[in-house]
Every structure is written in C-alpha cells, then in structure tokens.
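Novice: Chain by chain, the residues:
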Amino acid sequence: MDYKVVENYYVGDNIYYIKIEGKFNAKMGQFYMLRAWDNFPLLSRPISIFEVEENYISFLYKVVGKGTEIISKLREYDYIKLEGPYGNGFEKVKGKIALVGGGVGIAPLYMVAKELENCDAYLGFNEEEIMLDIFSKECENVFTTKGSTFITDILDVEKYDYIMVCGPTPMMKKILDMANETRTRVQVSLENHMACGVGACLVCTCKTHSGNKKTCKDGPVFWGEDVIL
Amino acid sequence: MADLKVNLCGFDLKNPIIMASGTFGFGKEYGEIYDVSLLGGISSKGLTFDKRQGNDGLRVYETPSGMMNSVGLENPGVKGFIENELKDFSKIDTCRIVNLGGNCEDDYIEGAKLLSDEDFDIIELNISCPNVKYGGMAFGIKSEVARDIVRSVREVCKKTLIVKLSPNAEDIVEMAKVCEEEGADGVSLVNTFKAMAIDIKNKKPVFDNITAGLSGPAIKPIALRMVYEVSKSVNIPVVGMGGIMCAEDVIEFIMAGATCVQIGTANFVDPKIGEKIIEDLKYYMNQNGINSLDEIRGII
Chain U
344 MDYKVVENYY VGDNIYYIKI EGKFNAKMGQ FYMLRAWDNF PLLSRPISIF
394 EVEENYISFL YKVVGKGTEI ISKLREYDYI KLEGPYGNGF EKVKGKIALV
444 GGGVGIAPLY MVAKELENCD AYLGFNEEEI MLDIFSKECE NVFTTKGSTF
494 ITDILDVEKY DYIMVCGPTP MMKKILDMAN ETRTRVQVSL ENHMACGVGA
544 CLVCTCKTHS GNKKTCKDGP VFWGEDVIL
Chain G
236 MADLKVNLCG FDLKNPIIMA SGTFGFGKEY GEIYDVSLLG GISSKGLTFD
286 KRQGNDGLRV YETPSGMMNS VGLENPGVKG FIENELKDFS KIDTCRIVNL
336 GGNCEDDYIE GAKLLSDEDF DIIELNISCP NVKYGGMAFG IKSEVARDIV
386 RSVREVCKKT LIVKLSPNAE DIVEMAKVCE EEGADGVSLV NTFKAMAIDI
436 KNKKPVFDNI TAGLSGPAIK PIALRMVYEV SKSVNIPVVG MGGIMCAEDV
486 IEFIMAGATC VQIGTANFVD PKIGEKIIED LKYYMNQNGI NSLDEIRGII
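The listed protein sequences correspond, in order, to chains U and G.
Counting in the working numbering, the first sequence runs from 344 upward without gaps.
Counting in the working numbering, the second sequence runs from 236 upward without gaps.
Counterexamples of contact, computed for chain U against chain G with all Cβ distances above 12 angstroms: (1) E396; (2) E470; (3) K489.
Derived DEER-like restraints, expressed as beta-carbon distance ranges: (4) G/V380 / U/P511: 43 to 49 angstroms; (5) U/L572 / G/M236: 54 to 60 angstroms; (6) G/I433 / U/D381: 25 to 31 angstroms; (7) U/R526 / G/D341: 47 to 53 angstroms; (8) G/I457 / U/E419: 40 to 46 angstroms; (9) U/R528 / G/M236: 56 to 62 angstroms; (10) G/S351 / U/V354: 58 to 64 angstroms; (11) G/K314 / U/V354: 48 to 54 angstroms; (12) G/V380 / U/E470: 55 to 61 angstroms; (13) U/G554 / G/G533: 41 to 47 angstroms; (14) U/F383 / G/N242: 33 to 39 angstroms; (15) G/P456 / U/T492: 49 to 55 angstroms.
Calculated from the structure, these hints are not laboratory results.
Bear in mind that the values here come from a model prediction, so they are computed numbers and not experimental data.
For glycine and all other residues, C-beta sits at the position ideal for the given N, C-alpha and C.
Using the sequences and the hints given, assemble the complete structure.
Specialist: This is the structure we're talking about:
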C-alpha cells in the first residue's frame, strides 16, 4: 500500500530517519518491506520498525545501495509503499535488560525501550553518536562508544537478566559468547538479504541448532542459544 | 465478459496464472496475504527425495532488471513434504503442482513413486535447477540424458507429468520433443539462466557456488522466444515462464503459444501480484474484445 512521507532526513553515522503517515499495528522487532519505486530495483528493502505512533510509523535506515538511496531522496508528501508488518519480533520479558545496538542496529531497540521496563541502552557507532536523547527518555542509562572502541568492551553482561541485540554479526557473536558464561539470556535480531519477506523463497535462511530457519518469518529475532552465527 | 479458464493437461484452471516453484513455498505463506485459491495453480517448492539444507553463503543478488538466486533446493524432502506440508497444500482449491528435483536418477524415480498416490494434481519434473552440484540442470542440458530420466519417471509416475526445462539446454526444442516422445504430458519453460556476478571489492565471486540462476524481466525476451519455438514444435501443452511481471507479459506468452504461465520473481516485487495480474488480465481482455485465451493462443 502507498503511504505519505511526513519527514525524511539524515541523522548521522550514515543513517537516515523517515516518518510515514498511517495507522499501523506492529510489534517491537518486526519489519516492513519498503519500496519507493515501481519496478526497479526489483526487490523491496526490509527495514526494521523504529517507532509506531498513533498516526505514524518511522524507520531508521542506512544508505547502502540503490534502493535505500532512492528512499533517502524522498521528500514530504512523496509516497512510499509498505508491506508488512512481517517477522516475529522481540519476546516480552521482565527483568534487568540491556539493549545493545551497533550502527543502524539501534533501530529495532527503540520500541523495546518504550515498551519494556528496566532497560539500559548500549549504542555503538562508527563516527557520530545519534538518537541518544530519544533513548535517554526511555532508558535508565545510555552508554555509547564510537570508532575503534566497541560497545561490547563496556558491557557487563552479568548485570543483566536479558540482552536484546541488533548490529554487526561480530558484535552479536561476541555478546553471545559473553552471555554463554552467565545466566543472561539474549535475543538477537538478525539481518539478512531477503526477497519475499514472508517465508516462501528461502533466500534469507539462517542456521540454528534446530536446523535452517527463515530470517524473515521465523525471525528476525531469535533466542541467542538457538542461533548459530 | 472475458473467460480466463484454460485447460492444462486435462485440468480445468480458473485462469492461466500459476505461481512458480521456489517463489511461493507451499502456498501457505502467501495464503496469509490473499486468497491463493483464486490462482490458476501453484507449483510447490522444489522437492528432492532427501531433505536438503541448500547452499551456504549469499543466496540472492540483484542485477539490472533481474535477480540471481542460489538457494540450492533447500527443501524438507519428499517424505517431509508428505508428512508436514501436503495436508494444507492439498486443501488449496486450485491446480496443485508438486515440483520434483533430484541428485541422481534413483532420486527422481523414488520421489515420483512416493508422490504418485498422494492428493495433488500434477508432478513438475525439475531437470533444470542450476544451483545444485549434482543432478538438477545436469539432466536438462543434453536431450539424451533427459530422455532417460523422463522415461524412467514416466514408467513409475501415475500422475500427470510436466517437465520443467532449462534455458541452458543445448537445444531446447529438441529437449521438449524428447520429453513429448517419452510420455510427458506437458513442458514448462524456462527455469533460471546460469549466471555469475563478481564482488570486485573483495575480488571474489558473489556466490559460494560461483554461478547462480538469473530470473526476472531481464530474461523475458529470451524465455518468450524459447516458448515460441517449443510451442511450434510439440503437441503437448507448454507452460511459459521467465520474467512475467504484468498482464501484458502474460498475453505475450499466450500469443507465443503458451497454454498458461508461471509467475516467479514478480511475487517478490508485489506479494499480491497474482491477484493483480488476474484482475488486469480480465480488464485487458474485456478492453480488447478477447473472450477467451484460446482466441489468441499461438497466433504468432
């Protein structure tokens, strides 16, 4: 379906923010397939939901190719197609929670911060720190790193009952290794190239201890102990 | 009012739109988005006798007007399909086609035997998958190799049998003729084109398998030509496919001689493309005074 763009701007660290008008009912950690063109590029772009408000939905996205470049050029009153929401989303948990995001991986964590209690945010960036004020409103503490200091360096896994992670694979892998030594349970939001978005084409398969799973349909969120990175 | 019905190998299809194998799962995923029973048919995810994990590494890559995939026939195996998927698949009120691949001749034979008594309509024999190391397309290159497979499967297969051909065949017309001679009830063409992409930054192929299958609008003119040539050369129905994105593309394939068509990559552009193409096709036919697809089939 076509929806109207309300805002679309660069926020830093090669990440953009787009706000779209409409009524949406989605769970934290789900994604939509976005496209702002007719036929080409052929595939829509799977983007995690950043926030759902009463009359709006917003996304953070990184410009990496032709599709996201086209989206980055949309202006107010332009139209964009959204299909979804797809995927399972984060499981609701109670306890002390660390939200760990790397780069654009911070996107799906904001809805978690808004919905769940007792969250600390750990946000890692390459060059610029972004969205700190927004996360600060919803989280008890916000920790950040940039450049060659990794967010995993300042995370004390043992302090938390749960960790929700989204970001580069080495970062997620490191956290799974760290959590393996403690009682902390981890939910990871995986990113993968997708085509259909609904679980039919199997191009986004990921490996788990119970066999191949579809990142789009069985995920993108998996329990850390299940997934093989 | 335009009548979209077509007859495929004795089966009355509501319309000529079949969803292509590998792009539509077993129908249930898209069934959550629209009523897939309105489709003319569904071809299942390609099955092999044994369960397959599929290929490692990147599995999809976009190209101008197309996409490449290297899924490698990940599937639950024939037994897994019968145990876990067939019940729902059989309930879909449309022509139900099961796509059957294999690693070796015995795989095809045993798979066809097991499937023969199950509740669905047609077996589509896949001798054309370019993404598996053994079997797959290897059976779809040389006509005489294909002859052996089709003959062996025909002997044990009680179902209506369609053979899915590869555009990489040495001679696709000869290939289709061989299938007809060996008792195939129809042919479907074309599967993806064997293709390649290189990651120049990292100086390596994009896909672990080096090559992958190219589909989408980029291949449509070549697929159309092949459907045209094959349609003129055999007396069994031809199911056309290759980059069909809209109702006008469907009309082209029917005019080239196809009985009906399969839609693949377009499902990824618009998840409701099947529903849309059927409506657009009806509109096109009404606007152009075409009462039945029989009026335009093979007119080129």
